[in-house]
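Use these hints to put chain L onto chain P, whose structure you have.
So the protein sequences, as listed, match chains P and L.
Take the first sequence: its letter number 42 is residue 42 in full-length UniProt numbering, and every next letter is one higher.
Take the second sequence: its letter number 507 is residue 507 in full-length UniProt numbering, and every next letter is one higher.
In case anyone wonders, no lab produced these hints; they're calculated from the structure.
A hint or two may mislead.
The list treats identical chains as interchangeable, and a pair is accepted whether it falls inside one copy or across any two copies.
With a straight-line Cα cutoff of 27 Å, these simulated DSSO-like cross-link-like pairs (lysine-lysine) come out [claimed, not checked]:
no.: 1; residue 1: 295; residue 2: 418
no.: 2; residue 1: 313; residue 2: 164
no.: 3; residue 1: 164; residue 2: 418
no.: 4; residue 1: 313; residue 2: 408
no.: 5; residue 1: 212; residue 2: 360
no.: 6; residue 1: 295; residue 2: 212
Number of protein chains: 2
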Amino acid sequence: WGKSSTGTIHSCQPFMDSANQCHGSFGAAMASCTSHTDRIEMRSLHKTVLLVLVASVVLVLAVLHSWPTRAYSTVDVRQRPGTGVERLLAERLPEPDPSAGTIPYRVRESVAGLLAHNGCVCEGERAGVNLPFAQLLFPRVSAHPLHTAFQPSQLDEMKRRRAKEYQGFQMRSQTPADLLIVTEANSPLQYPTQGVEVRPLKTILIPGLALKDLPRDIYTLNFSASLGTFNMAAEVEGVKVRGDGEMHMTLSSCVLPNLNRQLQFITYTNTLFHPSTADTVQLETEGHQALFTIKIRHGVTPRLYNTGGDADKEYNISTLVTIATKTFLRYNKLQDLIDSIRRYYPTVTIVIADDSENPKMVSGPYIEHYVMPFGKGWFAGRNLAVSQVTTKYVLWVDDDFIFTANTKLEKLVEVLEKTTLDLVGGAVREATGYTATYRQTISIEAGEEEGDCLHMRRGFHHAIDGFPNCVVTDGVINFFLARTDKVQQVGFDPRLARVAHMGNENPVDWLTQDDEVFKEQYLPLLGWVQDSSFLLSECEGVLLQKFALSCQLPLRTHCTVGTPINSYLIHQQVFLQASIQ
Amino acid sequence: WGKSSTGTIHSCQPFMDSANQCHGSFGAAMASCTSHTDRIEMRSLHKTVLLVLVASVVLVLAVLHSWPTRAYSTVDVRQRPGTGVERLLAERLPEPDPSAGTIPYRVRESVAGLLAHNGCVCEGERAGVNLPFAQLLFPRVSAHPLHTAFQPSQLDEMKRRRAKEYQGFQMRSQTPADLLIVTEANSPLQYPTQGVEVRPLKTILIPGLALKDLPRDIYTLNFSASLGTFNMAAEVEGVKVRGDGEMHMTLSSCVLPNLNRQLQFITYTNTLFHPSTADTVQLETEGHQALFTIKIRHGVTPRLYNTGGDADKEYNISTLVTIATKTFLRYNKLQDLIDSIRRYYPTVTIVIADDSENPKMVSGPYIEHYVMPFGKGWFAGRNLAVSQVTTKYVLWVDDDFIFTANTKLEKLVEVLEKTTLDLVGGAVREATGYTATYRQTISIEAGEEEGDCLHMRRGFHHAIDGFPNCVVTDGVINFFLARTDKVQQVGFDPRLARVAHMGNENPVDWLTQDDEVFKEQYLPLLGWVQDSSFLLSECEGVLLQKFALSCQLPLRTHCTVGTPINSYLIHQQVFLQASIQ
Numbered sequence: 001w002g003k004s005s006t007g008t009i010h011s012c013q014p015f016m017d018s019a020n021q022c023h024g025s026f027g028a029a030m031a032s033c034t035s036h037t038d039r040i041e042m043r044s045l046h047k048t049v050l051l052v053l054v055a056s057v058v059l060v061l062a063v064l065h066s067w068p069t070r071a072y073s074t075v076d077v078r079q080r081p082g083t084g085v086e087r088l089l090a091e092r093l094p095e096p097d098p099s100a101g102t103i104p105y106r107v108r109e110s111v112a113g114l115l116a117h118n119g120c121v122c123e124g125e126r127a128g129v130n131l132p133f134a135q136l137l138f139p140r141v142s143a144h145p146l147h148t149a150f151q152p153s154q155l156d157e158m159k160r161r162r163a164k165e166y167q168g169f170q171m172r173s174q175t176p177a178d179l180l181i182v183t184e185a186n187s188p189l190q191y192p193t194q195g196v197e198v199r200p201l202k203t204i205l206i207p208g209l210a211l212k213d214l215p216r217d218i219y220t221l222n223f224s225a226s227l228g229t230f231n232m233a234a235e236v237e238g239v240k241v242r243g244d245g246e247m248h249m250t251l252s253s254c255v256l257p258n259l260n261r262q263l264q265f266i267t268y269t270n271t272l273f274h275p276s277t278a279d280t281v282q283l284e285t286e287g288h289q290a291l292f293t294i295k296i297r298h299g300v301t302p303r304l305y306n307t308g309g310d311a312d313k314e315y316n317i318s319t320l321v322t323i324a325t326k327t328f329l330r331y332n333k334l335q336d337l338i339d340s341i342r343r344y345y346p347t348v349t350i351v352i353a354d355d356s357e358n359p360k361m362v363s364g365p366y367i368e369h370y371v372m373p374f375g376k377g378w379f380a381g382r383n384l385a386v387s388q389v390t391t392k393y394v395l396w397v398d399d400d401f402i403f404t405a406n407t408k409l410e411k412l413v414e415v416l417e418k419t420t421l422d423l424v425g426g427a428v429r430e431a432t433g434y435t436a437t438y439r440q441t442i443s444i445e446a447g448e449e450e451g452d453c454l455h456m457r458r459g460f461h462h463a464i465d466g467f468p469n470c471v472v473t474d475g476v477i478n479f480f481l482a483r484t485d486k487v488q489q490v491g492f493d494p495r496l497a498r499v500a501h502m503g504n505e506n507p508v509d510w511l512t513q514d515d516e517v518f519k520e521q522y523l524p525l526l527g528w529v530q531d532s533s534f535l536l537s538e539c540e541g542v543l544l545q546k547f548a549l550s551c552q553l554p555l556r557t558h559c560t561v562g563t564p565i566n567s568y569l570i571h572q573q574v575f576l577q578a579s580i581q
Numbered sequence: 001w002g003k004s005s006t007g008t009i010h011s012c013q014p015f016m017d018s019a020n021q022c023h024g025s026f027g028a029a030m031a032s033c034t035s036h037t038d039r040i041e042m043r044s045l046h047k048t049v050l051l052v053l054v055a056s057v058v059l060v061l062a063v064l065h066s067w068p069t070r071a072y073s074t075v076d077v078r079q080r081p082g083t084g085v086e087r088l089l090a091e092r093l094p095e096p097d098p099s100a101g102t103i104p105y106r107v108r109e110s111v112a113g114l115l116a117h118n119g120c121v122c123e124g125e126r127a128g129v130n131l132p133f134a135q136l137l138f139p140r141v142s143a144h145p146l147h148t149a150f151q152p153s154q155l156d157e158m159k160r161r162r163a164k165e166y167q168g169f170q171m172r173s174q175t176p177a178d179l180l181i182v183t184e185a186n187s188p189l190q191y192p193t194q195g196v197e198v199r200p201l202k203t204i205l206i207p208g209l210a211l212k213d214l215p216r217d218i219y220t221l222n223f224s225a226s227l228g229t230f231n232m233a234a235e236v237e238g239v240k241v242r243g244d245g246e247m248h249m250t251l252s253s254c255v256l257p258n259l260n261r262q263l264q265f266i267t268y269t270n271t272l273f274h275p276s277t278a279d280t281v282q283l284e285t286e287g288h289q290a291l292f293t294i295k296i297r298h299g300v301t302p303r304l305y306n307t308g309g310d311a312d313k314e315y316n317i318s319t320l321v322t323i324a325t326k327t328f329l330r331y332n333k334l335q336d337l338i339d340s341i342r343r344y345y346p347t348v349t350i351v352i353a354d355d356s357e358n359p360k361m362v363s364g365p366y367i368e369h370y371v372m373p374f375g376k377g378w379f380a381g382r383n384l385a386v387s388q389v390t391t392k393y394v395l396w397v398d399d400d401f402i403f404t405a406n407t408k409l410e411k412l413v414e415v416l417e418k419t420t421l422d423l424v425g426g427a428v429r430e431a432t433g434y435t436a437t438y439r440q441t442i443s444i445e446a447g448e449e450e451g452d453c454l455h456m457r458r459g460f461h462h463a464i465d466g467f468p469n470c471v472v473t474d475g476v477i478n479f480f481l482a483r484t485d486k487v488q489q490v491g492f493d494p495r496l497a498r499v500a501h502m503g504n505e506n507p508v509d510w511l512t513q514d515d516e517v518f519k520e521q522y523l524p525l526l527g528w529v530q531d532s533s534f535l536l537s538e539c540e541g542v543l544l545q546k547f548a549l550s551c552q553l554p555l556r557t558h559c560t561v562g563t564p565i566n567s568y569l570i571h572q573q574v575f576l577q578a579s580i581q
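Here chain P stands alone, though its shape is the one from the complex (with noise of 0.2 Å):
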């Protein structure tokens, strides 16, 4: 009899053949629908013995209701840095091979120079002359030293809360399905590494478990998990269990298909609630360890949309799509946008949210007028109106647009319909009669613990299958078609408000005015407010220093439907005005 690697003797008992069938499927049980609570039949008795039996069961009732009907175990829910987890996981990766570390290398600079060195630094170039079109023909890179938002006395407290509150965000958001693992070679253990999910508080069976060991006298497999327990959908002869339903389960057998037919059986609870986590199975047998990670979290539930219409006709607009505007102080555009808007689109729904200072009425068919306090800004105004919004795709426009025979939505529509993307820009014509698309490509540096670099610059990523003119970047313009549940669920951060226009509209001065209007009006924050609005046109081509602003970029993102020409940074309508509240 062989000692098993948990330092107990197990006896190793003959194979007992029987004629044990399997019976029953594992599909014919049914989960039970009934409440904790036992119930009562009534029967009919005399009115008034029945009040009195009614009052006197209230009573009892009442006394057994407070007793708790089963013993509810205890969570620690309270932010607490590291885990068990995490160190088990950082003493299991294997050692470098000591030998190996003596074998020079010559390092291949190409490649090294690509890899994150957590220490980007952001500085832009001395302005040149300043001359038309200067901007134009010589793109600067420019820089903006968000920490200046702060007075130099007050930095340091800033940065300390900053601090603070980013290590409880780390807290809530770290999950142990993200630290690295790695495979033991030449590992008896076969076991899955990827794909085993369960819904909290339900049960699954594990997957690809299986023993390929050399022939032993007796082969022990140990269990070991701390967020819910072990069991068999099914008990195989010559097999002996220890721990079953619990969190630390052994297996033992001297005949090892035996011991592999068990494995397909084993089951795992999880037992103690969290809506989305992960939890660090242990899987060990003589001289092999292996760890595996088992999700739990609920099923996504998707937000599906009624697209009204027949597939096979034209896309309904109607039913598809919501316009949603912000206006302020200049309801002639707005009046100009609508009835443009309804002369092709008669009973689409427009959205406006509205922060005038005195708000006019707006009304008409098909029109949701949202009233704000004045001035709340254009952040707060847009994240406002996408939030009424009820069909699949809602259409951004700006109040000072005009919709003409060209503004094609089917088109917009179209993309989205057939592609996995998330957004689509389309172009806007000047009075002047340039149009504009708008491509910004935008990426993230790994900084210190200052902040990250931001990085964006004219461009686009890919061009795109079946959508000629069509390219996938990361920032479009202010015309778009979204999905309505991805741009709810980013949202525009309200915290951030918006200078208005400077309210002139020749492109020279705007470009000379740039460099200026920025260094006044951009007041820059420390890594309070990320711009979820960046994705949609807000940001500037412009090099952010490392304090602060980075961009949550969740959205599959998007192209541009139209004549691809490049914008010139010429319709700057954003200045972002961050201020810290």
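Below, chain L alone, put in the same frame as chain P:
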């Protein structure tokens, strides 16, 4: 000289002893911040000559700009079912040992019954005698057949549309990072099975790679990916490389320590842009294969809020909390609420969403009043209100609540400051003196393609360490404090409308009316809508039919602070009226 697995013959050169020292450091290189366009440095010139030059330069640059500066690759983002990766993984799942299939087993019903069987059935119980306190004493299981929202003639069309939308959703949301991978036992390959991540279009070192093979004449390792390329950050003598910089790379060497040393410098560069996906890397050596995943995604940028005040002193409620509410046709109650808040929190911001028919002005310091189109509903109103919050936490109240000296927001803030929970519900005391909290557990049972079953029961999951009277649950009463970023991320679906209070405050009458009211006013939805407000005590304690309402439960759940009196569904202020748009 050995023949490698690729079929070619690699000559085996003797290891060249050299004094190759490691030079340079990986961290030294700094990312270039220059833009793609060449810059021309201006020197002083005569003005007219300058203008002529400028004109010609403009012309030349215009021509140059229209030539792409680099070749762009094309991506296929069209919705297409199935990819090569799934097929690859399916083929690679290990075959169960054929002999094992003959070994009999005995089903353990208690465990097998817990496994999902994808065939849930939700049926209610017949109503008993309709007595006072009937629901109190004898809680029945109710079920709601949601498909009855549609005329039978419409039903098939609705199901077809829903299936199409769901399919699109699946295509957009599936990722290779969720597919099942089972590691091969007794493989000489050592590799990372979890935790390898790269930012889009960036480069990383792949950790944990090694080959622990038996002695051979020649060792070969093949790398294969589909969304990026492999390379080496450093070169080691005695290792031959083919395909560096490409999606398929081969390393070979006669000296195993040198190959393993080289494996410490293997890099992966993502070349096909996608903001959130994964690449499945295939590793291959003589007779063995392995698969692992590299996640490709943007880093998560946290939304951090300025908490104001000193960490050691008391919480600064005005900086931390915004009170949000929705009002409809009862300005007197709203004013009572505001007055009561001001007695204890004179400077906390109050956000009011108002969809009354003839809106009155509501004003005052720190009051933000938003006017909506008449009757948009509670969900739209709540989504609007939270979309405007700029503080770390948002406190939801109903417009007929009153603050008292016992309404200590600091207690609620403390729970969220000290734990990883996202939301904490309070207790609401009725005019009768009855104080209710509200705890609902929600569990989803997988159904077939018709939909899942949603089970709601009174109760909770766990008690909480350090917070007596506080439990972890899924649904709370509609008086709660929550993290603003989380609530904004989940939101409230404006497609759901709410029927107002019956106006009858007598608990007994509510109870007897309950079932009737539900049947009349609960118009189910065929899977079009998810009630993300579920979490926030919208849904009643009912069992819902398979067809439809599944809930989004992404928030880390919450605890109720206050006296743990079980609520008997008396506070049914919400009747869910769902309608198809």
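Do the hints match the structure? See the list:
1. 295 - 418: Classified as between; 25 Å across copies, 32 Å inside a copy.
2. 313 - 164: Only across copies: residue 313 and residue 164 sit 15 Å apart there, 56 Å inside one copy, limit 27 Å.
3. 164 - 418: Answer is between; shortest inter-copy Cα gap is 12 Å, intra-copy 44 Å.
4. 313 - 408: For residue 313 and residue 408, only the intra-copy Cα distance (16 Å) is at most 27 Å; the inter-copy one is 58 Å.
5. 212 - 360: Result: close neither inside a copy nor across copies, 77 Å intra and 76 Å inter.
6. 295 - 212: Answer is within: at 26 Å inside a copy they meet the 27 Å cutoff, but 30 Å across does not.
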